[in-house]
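The two chains are supplied separately, each in an independent frame; assemble them into the complex guided by the hints.
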Amino acid sequence: MNLGIENLFGRGPALRREIERERGMLCRMAYAWCHDAALADDLAQMAVEKALRAAGQLRDPDKLKAWMLQILSNCLKDHLRDKRDLVDFESVEETLATGEPTPEEARAGAELVRSVRAAVAALPVGQRQVVTLVDLEECTYAEAGDILEIPVGTVMSRLCRARRALRDALEPVAREALGTRLRSVK
Amino acid sequence: MSEERKVSEEILGAFVDGQLAAAEWAEVAALVEADAGLREEVCRLRALKERMRFAYALPARARAPRRAAHPGWAGLAAASVLFAVAGWFGHAEWSRPPLLDSASAYALRGDWHSLRGDWGALEGGRVLVHVSTAGRDSLSGALDEVEDLLREAGRDRRSLEVEIVANGPGLDLFRADDKVFAQRLASLRRDYPALSLVACRQTMERRRARGEPVELAPDVALAPSALHEVVERLRAGWVYVRV
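First to last, the sequence lines map onto chains A and S.
Residue numbers for the first sequence follow this note's numbering, beginning at -15 and rising by one.
Residue numbers for the second sequence follow this note's numbering, beginning at 34 and rising by one.
In isolation and in its complexed conformation, chain S is listed as follows (with noise of 0.2 Å):
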């Protein structure tokens, strides 16, 4: 196998690192999602990312200071939809005639900084936020960088539709009792009708047989499921940023 590799390991991580430029991520992009071979070590390799993240995300013991609370089940369930998400790009869809074009292909690499740097590549906004993740900071920068996106938008009068979808620890941020999350929310939506919010029905599930269920903020669609959410819009051609 390795005589005949199109890709080598290194370029293969940097792939999946976010390390490439622009030219030549798209040009491993395409050999990968015309190989079974390289779409399944895509998919490995992302899932020893989750699983390294997921090993040290709890705080060092002995005299280090303890720091966030344990994720617990909820933690593990985000690492096991992520490992699904992972599973999905390495698997069913994949064997599917190829699903990206020039735009979902950002799915890939999903983040904000190749998101933005290669904005001009993308034809008919449409962006996916998949927040999966606890952690204020981060779920209000998530809140910063579509309201940048949006405004940007605005101002070039590009057409451009936000969704946001929440599961796993992320579904915080759409809590009705967040005052300030809940706050931010309905000004966003009240400035950009095109930014919808979507939470996941398995996690509200999932939260209320714990006895921690969730009242959600107005205006918060119920998708049967994140994944199932992804999926679809990736499906439509939806770009794909996760949080």
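Same shape as in the complex, but just chain A (with noise of 0.2 Å):
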């Protein structure tokens, strides 16, 4: 194993590179935990800067992205703690039903967008990482578990739950809204 020395010599530079280049990925899964854009800026920004510094311990540089995850959801905890009860559902569902609409969400498909972020919002935090990190970056049951530093079988139950809330609280939603488009496809 010479990875410290790699790391000393060739692989620092190119690590820093693929760090930043996670800052997008890490923006958007911050934005599904809290809801909040500015925050979730924020919170990409300190996975990044704390990455970053860390760099050196990245053993396994196949596992940037979930370990920069484990980073991302560490800043999380910590700023849940830091504020307490943030997860402040009240400012959430402001933004999603009366932040102005862009063009593009003036378009179809955007009541369906609000309408699943309304519903994963309403998830408790526990159970809106793991659904997030499974759907949206494709995470293995292990690497969530890692990520969140919970059991898979935690991970599978809270999953599981997930699931059953958004599917209460979507399946009416969809069919209304994609419906008729289904039928046209076929």
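Calculated from the structure, these hints are not laboratory results.
Check before you lean on any hint, since a few could be wrong.
One side of the interface only, derived from the structure: several residues of chain A facing chain S at Cβ under 8 Å [to be verified]:
| no. | residue |
| --- | --- |
| 1 | L96 |
| 2 | V97 |
| 3 | R101 |
| 4 | L120 |
| 5 | L143 |
| 6 | L154 |
Label-pair restraints from in silico Cβ distances [said to hold, decoys possible]:
| no. | chain 1 | residue 1 | chain 2 | residue 2 | range |
| --- | --- | --- | --- | --- | --- |
| 7 | S | S229 | A | D66 | 56 to 64 Å |
| 8 | A | E4 | S | D189 | 34 to 42 Å |
| 9 | A | A94 | S | A242 | 19 to 27 Å |
| 10 | S | H261 | A | E122 | 23 to 31 Å |
| 11 | A | G110 | S | A56 | 25 to 33 Å |
| 12 | S | A59 | A | A94 | 34 to 42 Å |
| 13 | S | G244 | A | G8 | 28 to 36 Å |
| 14 | A | A153 | S | D68 | 20 to 28 Å |
| 15 | S | E238 | A | V136 | 42 to 50 Å |
| 16 | A | R1 | S | D211 | 22 to 30 Å |
Derived coverage of chain A by chain S (criterion: at least 3 residues anywhere in the stretch with Cβ under 8 Å from a Cβ of chain S; other residues may be distant) [unchecked claim]:
| no. | segment |
| --- | --- |
| 17 | 8 to 19 |
| 18 | 103 to 117 |
Yeah, the Cβ is synthetic: ideal placement off N, Cα and C, and Gly gets one too.
As structure tokens, then:
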């Protein structure tokens, strides 16, 4: 294992670039966790900075993404601890409901996006993290467990509860929004 | 219903997420195949996953840096095509006598990783690669995988047919005016005659209607629709991989 040497000499700059490159992914995931674009930006920034400082600790470069998501999750945890209960659903609802629609959002599909995000926002934070890691980043259950520092069994049960709640909240909406398009595609 | 569940919700979720080991996966696939209620649930879980991806494909608003362009109608169309594929798995064809032999059963899992890991289990290699998402990285990644599969098959003297079918934003792969992809496809076709390329006519027509007609690279055939092609191929026992 010459990872230490590689770190000091060859791998450093390349790794830093790769860390920077994950910023967009982190930002999207942070947004899916907190539904507050400004906070998501800050969390992603914090995670990138921490990762850059700690780059030497990454043993397996293939695990970069999971490692950065774990840092991001810890950033969120710190943030929640500082703010006590800060998963402030009122403000989430507000952003979702009253934020001026961008031209894109005025289009079809916006309603679906809004309803999915509202349903995700209404999940307990632990469930929200699991379901977004698995569905958006296609993390394996083991990766999600490592990232969130919980056992795989807990990943599975949270995922299950999250999906049950999402389906209860969403299935009527989807039928309305996509029903006609679906038929036209068939 | 919950009393006589044959597969727990958690396991069914793991099945849909591609998280089961091969043996367990096959066991669940067989149960799903035989049970209309489970098929319905698999279909709904898949649809939910698609909706999640769709909902967060947009960049976050406010200060977040803007990333890829909004998928817009094309994205929505792709999403609905996927819904329709899910619907197809869930209903129409599922209600026929079992379609799934050990090879085409991979259709349900449909990812490169499992395909490669279990390659030895496949008889008569025929692989349908369905490309329906945008993004140069994923498109060129798909070509890399296809090339690897074909090269390995050639090296091991296994017969292997691969067809790439593209629709929605994935159709960009076949644009004649995209020099990089066009050259790559031409050289793949030259090296591997067993590779064929098929575009979705509906996507072509939709783009034309939007005033963005697409000129296809040479050698790309047209199917009435990507779905039609997928259904036909699966019936014939092809392995399905979605990109």
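Structure-based check of each hint:
1. L96: Interface hint status for L96(A): holds (7 Å vs cutoff 8 Å).
2. V97: holds, 5 Å
3. R101: Hint on R101(A): holds, closest Cβ of chain S at ~6 Å, below 8 Å.
4. L120: holds, 5 Å
5. L143: holds, 6 Å
6. L154: holds, 7 Å
7. S229(S) to D66(A): 56 to 64 Å: Because 58 Å falls inside the window, the suggested range holds.
8. E4(A) to D189(S): 34 to 42 Å: Holds: the Cβ-Cβ distance is about 40 Å, inside 34 to 42 Å.
9. A94(A) to A242(S): 19 to 27 Å: holds, 22 Å
10. H261(S) to E122(A): 23 to 31 Å: Holds: the Cβ-Cβ distance is about 28 Å, inside 23 to 31 Å.
11. G110(A) to A56(S): 25 to 33 Å: holds, 30 Å
12. A59(S) to A94(A): 34 to 42 Å: At roughly 41 Å between Cβ atoms, A94(A) and A59(S) fall inside 34 to 42 Å, so the hint holds.
13. G244(S) to G8(A): 28 to 36 Å: holds, 30 Å
14. A153(A) to D68(S): 20 to 28 Å: Hint holds: Cβ distance 26 Å, inside 20 to 28 Å.
15. E238(S) to V136(A): 42 to 50 Å: Since the Cβ atoms of E238(S) and V136(A) sit about 46 Å apart, the hinted range of 42 to 50 Å holds.
16. R1(A) to D211(S): 22 to 30 Å: Between R1(A) and D211(S), where Cβ atoms are some 26 Å apart, the hint holds.
17. 8 to 19: holds (count 5)
18. 103 to 117: Check passed, 3 qualifying residues.
Of the hints listed earlier, there is not a single one the structure fails to meet.
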